[in-house]
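J.: Sequence:
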Amino acid sequence: MFDTFIKNWNRKKLKNLNFDFLFDEPIDNEYVCLDCETSGLNPKKDEILSIGAVHIKENKILMRKTFNIFLKPSKNINAESIKIHHIRPVDLENGQDPKEAIFQLLEFIGSRPIVGYYIKFDVAIISKYTKEFIGIKLPNETIEVSSMYYKTRKKSSDYQFIDLKFDTILKNLNIPALGKHDALNDAIMTSMMFLKLKDLTPAKTTFYTN
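Just so we're aligned, residue 1 is where the sequence shown starts under full-length UniProt numbering, counting upward by one.
Rather than coming from a laboratory, the hints here were simulated on the basis of the structure.
There may be inaccurate statements among the hints.
Below 25 Å or equal to it, Euclidean Cα-Cα: the simulated BS3-like pairs (lysine-lysine) are [claimed, not checked]: (1) Lys72 to Lys131; (2) Lys165 to Lys151; (3) Lys13 to Lys99; (4) Lys57 to Lys198; (5) Lys7 to Lys44; (6) Lys151 to Lys171; (7) Lys75 to Lys45; (8) Lys13 to Lys44; (9) Lys13 to Lys131; (10) Lys154 to Lys45; (11) Lys44 to Lys99; (12) Lys65 to Lys12; (13) Lys120 to Lys171; (14) Lys128 to Lys72; (15) Lys131 to Lys171; (16) Lys137 to Lys44; (17) Lys15 to Lys137; (18) Lys131 to Lys99; (19) Lys13 to Lys120; (20) Lys171 to Lys154; (21) Lys120 to Lys7; (22) Lys13 to Lys75; (23) Lys60 to Lys120; (24) Lys128 to Lys99; (25) Lys75 to Lys128; (26) Lys137 to Lys45; (27) Lys15 to Lys165; (28) Lys65 to Lys13; (29) Lys60 to Lys198; (30) Lys12 to Lys128; (31) Lys44 to Lys131; (32) Lys154 to Lys198; (33) Lys60 to Lys171; (34) Lys171 to Lys7; (35) Lys15 to Lys99; (36) Lys12 to Lys99; (37) Lys99 to Lys45; (38) Lys131 to Lys165.
All values reported here derive from a predicted model rather than from experimental measurement.
Make a model of the complete structure from these sequences and hints.
T.: Given below as structure tokens:
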């Protein structure tokens, strides 16, 4: 009931009714997995440099339904951040206007739940843009693959450390590593994690994080 209240409250704050579809009931067994490469790790001050996303339907990754886009930043990216995301200024020369890129992303996502690895960060930084452009934060439910993975690990005690690094999860699930620091590749690898973990996890467990 409280979730419905929050959803309706957010819906009233929507400034662009063309995006009212974000509040539709999601289609069963359809998801979007996404990943953002950013200029830093602070959603309030850093910017999105690229977004990769892919549709998942039932137990299939729909490779014909992918989204891959570069955004033009408002300022030059620094050399230290390039070492992390490997996106060079030349890669962003033909980047899209952020507003246009975010609108395209919202059309791609629709009302589907969003799957990701530490997805709260991605949603937080995307929401910075959506709040500016359409008046609301991204309202979609989210599914965190690292939480799914954690629940599948057998622990000898409640205090046992579980390694939740991306590479560790890939290796333990026998998923091939694609090129790193590429938003679309990261989204595809995360999609494979999700599908494997969905089969390994008890059906009664829910993984929505908002």
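J.: Taking the hints in turn, state whether each one holds.
T.: Evaluated hints:
For a cut-off of 25 Å, the pair hint linking lysine 72 to lysine 131 stands: about 18 Å separates their Cα positions. Distance check on the hinted pair: lysine 165 and lysine 151 sit about 15 Å apart at the alpha-carbon level, within 25 Å; holds. Between the alpha carbons of lysine 13 and lysine 99 the distance comes to roughly 18 Å, so the proposed pair stays at or under 25 Å and holds. For the suggested pair lysine 57 and lysine 198, the alpha carbons sit about 13 Å apart, so the restraint of at most 25 Å is met.
A distance of roughly 23 Å separates the Cα atoms of lysine 7 and lysine 44; the hinted pair therefore holds under the 25 Å criterion. Between lysine 151 and lysine 171 the CA atoms are separated by roughly 17 Å; this keeps the pair inside 25 Å, and the hint holds. Of the pairs offered as hints, the one joining lysine 75 and lysine 45 holds, with about 12 Å between alpha carbons and a cut-off of 25 Å not exceeded. About 20 Å separates the Cα atoms of lysine 13 and lysine 44, which keeps this hinted pair within 25 Å; it holds.
Restraint check for lysine 13 and lysine 131: satisfied, since their Cα atoms lie roughly 10 Å apart, inside the 25 Å limit. Our distance criterion of 25 Å between C-alpha atoms is broken by lysine 154 and lysine 45, whose separation comes to about 39 Å. The hinted pair formed by lysine 44 and lysine 99 meets the criterion: a straight-line CA distance of about 17 Å does not exceed 25 Å. A threshold of 25 Å between alpha carbons decides the hint, and for lysine 65 with lysine 12 the separation of about 30 Å lies outside it, so the pair is violated.
At most 25 Å may separate the alpha-carbon atoms for a hinted pair to count; lysine 120 and lysine 171 meet this at roughly 23 Å. A hinted pair counts as satisfied when its Cα atoms are at most 25 Å apart, and lysine 128 with lysine 72 qualifies at roughly 16 Å. Distance hint between lysine 131 and lysine 171 is unfulfilled; the C-alpha atoms sit about 37 Å from each other, more than 25 Å. Between lysine 137 and lysine 44, the direct Cα distance comes to roughly 13 Å. Compliance with the 25 Å bound is thereby established for this hinted pair.
Taken as a hint, the lysine 15 and lysine 137 pair is honoured in the structure, with Cα atoms around 12 Å apart against an allowance of 25 Å. Between lysine 131 and lysine 99, the direct Cα distance comes to roughly 11 Å. Compliance with the 25 Å bound is thereby established for this hinted pair. Taking the CA atoms of lysine 13 and lysine 120, the gap is near 21 Å; set against the 25 Å cutoff, the hint holds. A distance of roughly 17 Å separates the Cα atoms of lysine 171 and lysine 154; the hinted pair therefore holds under the 25 Å criterion.
Distance check on the hinted pair: lysine 120 and lysine 7 sit about 18 Å apart at the alpha-carbon level, within 25 Å; holds. Between the alpha carbons of lysine 13 and lysine 75 the distance comes to roughly 30 Å, so the proposed pair goes past 25 Å and is violated. With a C-alpha separation of about 24 Å, the suggested pair lysine 60 and lysine 120 falls inside the 25 Å cut-off, and the hint holds. Proximity of lysine 128 to lysine 99 is assessed by CA-CA distance (about 11 Å); at most 25 Å being required, the pair is judged to hold.
For a cut-off of 25 Å, the pair hint linking lysine 75 to lysine 128 stands: about 17 Å separates their Cα positions. The suggested pairing of lysine 137 with lysine 45 holds, with an alpha-carbon distance near 16 Å, which does not exceed 25 Å. A C-alpha spacing of about 38 Å is found between lysine 15 and lysine 165, which places the hinted pair above 25 Å, so the restraint is violated. Restraint check: the Cα-Cα separation between lysine 65 and lysine 13 comes to about 30 Å, which exceeds 25 Å; the hinted pair is violated.
At roughly 12 Å between alpha-carbon atoms, lysine 60 and lysine 198 fall within 25 Å of each other, so this suggested pair holds. Between the alpha carbons of lysine 12 and lysine 128 the distance comes to roughly 18 Å, so the proposed pair stays at or under 25 Å and holds. The suggested pairing of lysine 44 with lysine 131 holds, with an alpha-carbon distance near 12 Å, which does not exceed 25 Å. A distance of roughly 16 Å separates the Cα atoms of lysine 154 and lysine 198; the hinted pair therefore holds under the 25 Å criterion.
As the CA atoms of lysine 60 and lysine 171 are separated by approximately 21 Å, the hinted pair is consistent with the 25 Å bound. For the proposed pair lysine 171 and lysine 7, the alpha carbon gap of about 38 Å is over 25 Å, so the pair is violated. Distance hint between lysine 15 and lysine 99 is fulfilled; the C-alpha atoms sit about 14 Å from each other, no more than 25 Å. At most 25 Å may separate the alpha-carbon atoms for a hinted pair to count; lysine 12 and lysine 99 meet this at roughly 21 Å.
Proposed proximity of lysine 99 and lysine 45 is supported: the alpha carbons are some 17 Å apart, at most 25 Å. A distance of roughly 30 Å separates the Cα atoms of lysine 131 and lysine 165; the hinted pair therefore is violated under the 25 Å criterion.
Hints 10, 12, 15, 22, 27, 28, 34, 38 from the list above are not met by this structure, while the remaining hints are.
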